[in-house]
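Novice: What follows is the residue order along each chain.
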Amino acid sequence: MPGRATLAELYQRNAPDGIRLAFLLTGDRELAEDLVQEAFARFAGRFHHLHYPDAFDSYLRRTIINLSYKHFRHKRVERAYLDRVARVPTDSENPNEELDEALHAALLRLPDRQRAALVLRFYEDLSDVQSAEVMRCPAGTVRSLVSRGMQTLRKDLEGADR
Amino acid sequence: MIDERFMREVLHRRAESISPVPNDPLTAVHRARTRIARNTLIGTILAIGALLLTVSGFHALQVRNTTLPVDHTVAPVVTPVVTPVTGPGATDVSVVDVATGEQTPAPATLRTLGSAHEFAISPDEHLAAFVAFAPGTEDMAMYLVDLIQTGSEPKRIGDDVRMPSGGGVGTTIGGWSPDSTRLVVADGQGKTIWIVDAESGRATKVFETSQDVRNVLAPVFGPDGETVLFTATHGAGDGERTALWTAPTTGGSPTVLIDYAAFGTYSPDGSKIAYRHTYPGSPIGVAELRVANADGTGVRVLTDDGTAMSPFPFSAAQTAWSPDGAFLLVTPPGYGWPNTTVFTIVDVSSGRELRVGSGQSATWWGPDSVLVTSFGCEDYRRC
Chain V
1 MPGRATLAEL
11 YQRNAPDGIR
21 LAFLLTGDRE
31 LAEDLVQEAF
41 ARFAGRFHHL
51 HYPDAFDSYL
61 RRTIINLSYK
71 HFRHKRVERA
81 YLDRVARVPT
91 DSENPNEELD
101 EALHAALLRL
111 PDRQRAALVL
121 RFYEDLSDVQ
131 SAEVMRCPAG
141 TVRSLVSRGM
151 QTLRKDLEGA
161 DR
Chain L
1 MIDERFMREV
11 LHRRAESISP
21 VPNDPLTAVH
31 RARTRIARNT
41 LIGTILAIGA
51 LLLTVSGFHA
61 LQVRNTTLPV
71 DHTVAPVVTP
81 VVTPVTGPGA
91 TDVSVVDVAT
101 GEQTPAPATL
111 RTLGSAHEFA
121 ISPDEHLAAF
131 VAFAPGTEDM
141 AMYLVDLIQT
151 GSEPKRIGDD
161 VRMPSGGGVG
171 TTIGGWSPDS
181 TRLVVADGQG
191 KTIWIVDAES
201 GRATKVFETS
211 QDVRNVLAPV
221 FGPDGETVLF
231 TATHGAGDGE
241 RTALWTAPTT
251 GGSPTVLIDY
261 AAFGTYSPDG
271 SKIAYRHTYP
281 GSPIGVAELR
291 VANADGTGVR
301 VLTDDGTAMS
311 PFPFSAAQTA
321 WSPDGAFLLV
331 TPPGYGWPNT
341 TVFTIVDVSS
351 GRELRVGSGQ
361 SATWWGPDSV
371 LVTSFGCEDY
381 RRC
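Residue numbers (the numbering used here), protein chains in the order written: chain V, 1 to 162; chain L, 1 to 383.
Hints are computed from structural coordinates only; laboratory data are not their basis.
It should be emphasised that the depicted structure is a prediction, and the values quoted were computed from it without experimental measurement.
Honestly, I wouldn't trust all of these hints.
[To be verified] Part of the chain L face toward chain V, derived, beta carbon under 8 Å:
no., residue
1, His12
2, Arg14
3, Ala15
4, Ile18
5, Ile148
[Unchecked claim] Counterexamples of contact, computed for chain L against chain V with all Cβ distances above 10 Å:
no., residue
6, Ser17
7, Pro123
8, Glu153
9, Thr250
10, Thr265
11, Tyr266
12, Lys272
13, Arg300
14, Asp324
[Unchecked claim] Just a few of them, taken from the derived set where beta-carbon distance is under 10 Å, the chain V residues facing chain L:
no., residue
15, Asp17
16, Leu21
17, Ala32
18, Asn96
19, Glu97
20, Asp100
21, Glu101
22, Leu103
23, His104
24, Pro111
25, Val119
26, Arg121
27, Phe122
28, Leu157
We put the CB at the ideal spot given by N, CA and C, even for glycine.
Please build the complete structure, drawing on both the sequences and the hints.
Specialist: In structure tokens:
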């Protein structure tokens, strides 16, 4: 059996990446932290019964995706978050900030599964098969979700300059 | 132009824009525990409500069971058990008609047993073995319930078999002997395989792990009842892997029957074994469902969509053969607890899949129906 890390060690190792993933999926830093905390809370109770803790990052990624789905099922909440994201003042020196935010906002308007497929592909750099494993669907479905998501983003941001 | 490179650049910039990400584990663990405490409190309130509903709705349960079609019941005679083993019911057990896909609640004898899971129905359909919390404790224990005798109460068995404290997912009631008199089980630590006598409840050790054979899981009796087939790890470093092993029920050294394999089950006539193919680094198995002859030869791949098995519960990885040996009942890979899913029936001759019923694990196939278990809350140890 692989060596068992402590929950704290796993948190240190995985939480930052988990929060970034959740942020891309939700567009809300605070919510992202909450989702990752929630994911860890789900593992904390049964951590010692995980037979294969080496696969923890995979479990965590899948749990974050599922929690983000669950979150966005509440459309009213989703709209509130989008409104809030739109109101956040920017003080960054990133020259692409405006376009980045526009794209992120457009990403957040996509259906949950399209958004997840795009983030797994272009941020997590997962292959179609790896994404399919996380999303529990055939690899062909992932390809289709990515393609449709990109199409919608292009249409949505038509006219925006790079 | 929004292309792939642009997407990568933007998403990485966005992700980096929230750095530094806090990674104080103590705060995280504290917050996690706070959430658990909150969830436990909510769960307790809901559980009290459920208990009140159970008490007031008992008559309704009896009425509902009398309306179940006879063909859909697990046992010929069904008598509800009034006292749950572990308090408020958490596990939802249902019976699915394999011909129509119609899903109905299981007889109350099974449904009112609290946190019961890992059901194993005896070949003569007389007894059901299961794992549940011991009353008033956070320790798991094994129980037997008589499905035929009127007013039967669950009986605790196998006291010597060590179960995980605070619950756990590693315990496996593997299966019954062909004559329905004995159960073979793996303990909660994956260290020992035991045979439990159904009549006396007494457990006898069959096999203990060593440096060479580790992490035993999912034992089942061989067709003759004289051998045990089980999953265990062997090898070291990058070569560490799981295999299907056989050992005599009277003790003695186990031997590898099929390497890179897990969760084997014999066909009803004992001529074939269905199992999950495994890789080093993927010890609980992948989607690839295989069938081999009982001697390990003639391996054939039935299904493979490339996804990994869910580790919870382990019983979700096991398959159940139809009584005629023509089909296998499979929980789709990547699912299992805490997600409810639609399970699959696979045609052994063609590999064709038919999706019927929903639940978290489906582990028993009777004459015309299958038994499906769903856990009633997200953390079934705390239900």
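Novice: May I ask which of the numbered hints given earlier this structure violates, with the numbers listed in increasing order?
Specialist: Result: hints 5, 6, 24 break, sorted rising.
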